[in-house]
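**Q** Chain residues, written in single-letter form:
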Amino acid sequence: MADIRLEKITRRFGDVTALDEVSMTVPDGAFVVLLGPTGAGKTTTLRMVSGLDAPDAGDVFIGGESMNGLTPAQRNIAMVFQQYSLYPHLTVRENLAFPLKSPLLRTPKDQIDAKVAAVAETLQISHKLENKATALSGGEMQRVSIGRALVREPSVYLMDEPLSSLDAKLRADLRIELKSIQANSGATLLYVTHDQIEDMTMATHVGVLDEGKLVQMGTPREIYEQPVSIYAASRLGQPRINILPADLFGRAPDGAKFIGLRPEQISQGRGIDSTVTRVERLGDQTRLHLAIHNHDIITVTDAHTGLTSGDTVAIAPKNPHFFDAHGVRMPA
Amino acid sequence: MAQIRIENVRKDFGDFTAVQSSTFTIEDGEFFMLLGPSGCGKTTTLRMMAGLELPTSGDIYIDGEEVGQKRASERDIAFVFQMFALYPHMNVGKNISYPLLSQGVPKAEVKRRGDDVASILGIQDILQKPVGGLSGGDRQRVALGRAIVREPKAFFMDEPLGALDAEFREHMAEELRSLHDRMGATTVYVTHDQLEAMQMGDKIVVMNHGVVEQFGVPQEIYDWPATMFVANFLGSPPMNFLEYDGSVSPGDTQVRLGDATLAVPEQIEGHRGGLVLGVRPEHVRIDDNGPLRGKVLATEYLGTTQIVTVQTQFGEVKSRIDADIAVKTSSNVGLVIDERTLTLFRAQTGAALRSSSNAGVLSHG
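Residue numbers (our numbering), protein chains in the order written: chain A, -7 to 324; chain B, 408 to 772.
Just chain B, with the same shape it has in the complex:
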């Protein structure tokens, strides 16, 4: 088990900078998510931690030891890929114990550890079966078993559930998380799926264009994003952005958007010029007396809730409300915004302005 520390790590591929200068710490026993869109540098970061790529500069520490230039085989980690490969000519039990046999571990110990892993994964009854006829889930469990059996310091997983269908992916996500809770092994997990990251992670790093945008506890960065990129990447639908020109000063507790005055958390930072008011869909209510006015463009039924899209003079605003509230398309409605949850951003840079509410979250990571 291990703490992993990344300091000023950079990776260039020729002219292309895949990772600019990443710094973050993964604590011992954490389930840690590297989240971002395709090409953001998350997989490259993971591969550098694993020793499959060497950083151009910067340091990587596993349990205090600098391993940046060490080979993968010298780092005592286990890697689980999206496309897991099993040995087709071996049965389940042999596939799981193979890493130990190849290391020359005594037979009795191989058996004991193999059995332990099988019981952790709940696959004791298929140990004698050939891998050929297994379901996708069992194949995935066998691949995991092969990683677990070595008792490595850390597990690295690159979208291990990406190839599975949605229903099954959700099930495996639960299973992986509860497996982690039982074993407590440091796990670093790459995904582009924000829901998967929110659901499974103790901590999340959000990356974009090779840069760490924010680092922290899922609910905290969801509630208090450091940048518009994070606000937009987390959440489905993402945070609404109301764009306007104006000014805000330290100490302000309200802002003016056109005719509407909206309360906001007490601001610590001020800004004049292009501003963006960010609000999550679940914090927008439809109420005829609301200060913001707009016209309903569409409603999307989601079962428990519905998403109502309203055109306002500051842009489209999506509201997530209970599905049993009747809302008519094309009707004019008022919107009420929960002021406790608002974030103001600089329009030009996308950086959040500090307020009494988000300062705590923004100060770390």
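If we strip away everything but chain A, and leave its shape as in the complex, we get:
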């Protein structure tokens, strides 16, 4: 196991600066999720660490050693991609065992068998071990490719949206599995996703990228409760944080341009009147779509609320965030 350190990594593709002096430390044993919309630089960061791509400037260290000039094979990392690639002529068992059969590792056969069995169990594919890789569903293939990374026990795992092609239900199961595998093995994991539930539940740290810059790094709770900016605040939370004119509910602090309200920062039953525009029932919660003078607000309420479209609800901010004209959060 090892820590990963990026020092002022810059990567340009023609005129586009994909990464702009990104410095970050992934502590030994951490589960770090990189967050940001398409094009923010998440995958490029992973490729820098893996050695699939080289920075124009800056250094990558794994376990304190500079990775400059080292090939992916020399870095002792395991990667899982969104698009799985398995050996089609091999069975699931042979695919899983393949990394362990490397002449460099000389793993005894009984150990290989034990590891393959354990990984297959974790990923719920034990019953498919003798199947050809091509006879699997997409979800099963992806589990095998995750399994192939897990059997190797490398110093770091790099995963690029490994769950996004799976069934929602299976994704929820594997999230819990990945988290517990990581916690029990003490592996260092750098993970890219679009799925914010993955960020919130699996990550020990979240790194927020915005157009090639690392704008915030912290625990999910820090990013959620103390975002540095509107951008960072908007990356986490469902429904998303409501961003409204700062003075919508009354006097705002000097310099404040926007007020930011997550559902738990909106108290219902007092304050100023809003109109219910839609009631969205999601089972465990009900989302209220509200309007105040053409401003849309989404909050949550009791699952069995009697409110319907057209009703009026008074709302007021509770410990809100304020942001300045640049979208930077102001001290409370």
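Source of the hints: derived by calculation from the structure; they are not laboratory data. As the structure is a prediction and not an experimental result, all values here were calculated from the model. Virtual Cβ for every residue (Gly too), placed ideally from N, Cα, C. Any given hint could turn out to be false.
[Said to hold, decoys possible] Computed footprint of chain B on chain A, listed as stretches where at least three residues anywhere in the stretch have a Cβ under 8 Å from a Cβ of chain B:
1) 252 to 265
2) 272 to 278
[Said to hold, decoys possible] Straight-line distance between alpha carbons at most 25 Å, and here's what the computed DSS-like set of lysine-lysine pairs gives:
3) K124/A with K101/A
4) K171/A with K725/B
5) K477/B with K501/B
6) K501/B with K161/A
7) K171/A with K702/B
Chain A is already provided as a structure; the job is to place chain B on it using the hints.
**A** Quick look at chain B alone, frame taken from chain A:
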């Protein structure tokens, strides 16, 4: 616009039965979700409605007319796939109007309907653009436009948002739903994502292994599942199951789990033997005086709420509570369960026992 009725529809592929015997009705103008895991038969069901597969037996009615053995082109429906294909050499406007031109619709009408569709979708300003440079969202809108322009009786969609990233998927789900609200066209939508189904659907059919498990209004089947499969498939995290041996009789308003006595809705059906008490995470509160005891295994922070996993003698119980309540891992806690929301299941079959609370929901569908 159309009502669609499925009666005892079955589909075999050789030895494999993809759909066993489905019966349900999609009312005119409904946004209807076919929900289930991979391989449950939902896509096969949709393909039979569309005429892309022929049922082995059973009837399919569109607006009262039996169409089970008719070709797709004779059914007047539009299909939107997960992987939408656009004509790369045509601009946006031509892509949208192509289905009409190929049907020989007069030019002036093609233009009028094309413009209408573009304004419904909010893409008037990109009509002259080539499709090559479009964002994923605009490509999806163009694909939808091509389906809408034909003014079919119904829209069939097979995981149209499955390939999109999470942030954008949510946005498109909203957009699809509000598009439906404006047009009011009967829409049948296949998904494996329970949240998408809850969020968008007027009605949901939950399928498993080719069998319809339950059929109804999203909130009702979420609250009152007919089977443990439905209880487990809807909700994230799903319903908690407390397994115990005991007996329950008609008229009972409480059950005994070990030392704890818990109130339940008045039972209509009884059962002796393996029982399962089902409760949703948001109906479990942590309270030192609670009748159920357990040890906190983990807490998962979700922002607004947190999920607390507690090991009890009847299995793990997850509780969804506000994130600002402090809960210590490894501490011993009591659990309070909201008795109004409970469902009892037969452990062996997974079927819900009828009570005064769920009887209404279970009697239809």
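**Q** Does each hint hold? Answer for all of them.
**A** Each hint tested on the structure:
no.: 1; hint: 252 to 265; result: holds (count 3)
no.: 2; hint: 272 to 278; result: holds (count 6)
no.: 3; hint: K124/A with K101/A; result: 21 Å, holds
no.: 4; hint: K171/A with K725/B; result: 17 Å, holds
no.: 5; hint: K477/B with K501/B; result: 29 Å, violated
no.: 6; hint: K501/B with K161/A; result: 39 Å, violated
no.: 7; hint: K171/A with K702/B; result: 20 Å, holds
The structure fails hints 5 and 6 (numbered hints given earlier, in ascending order).
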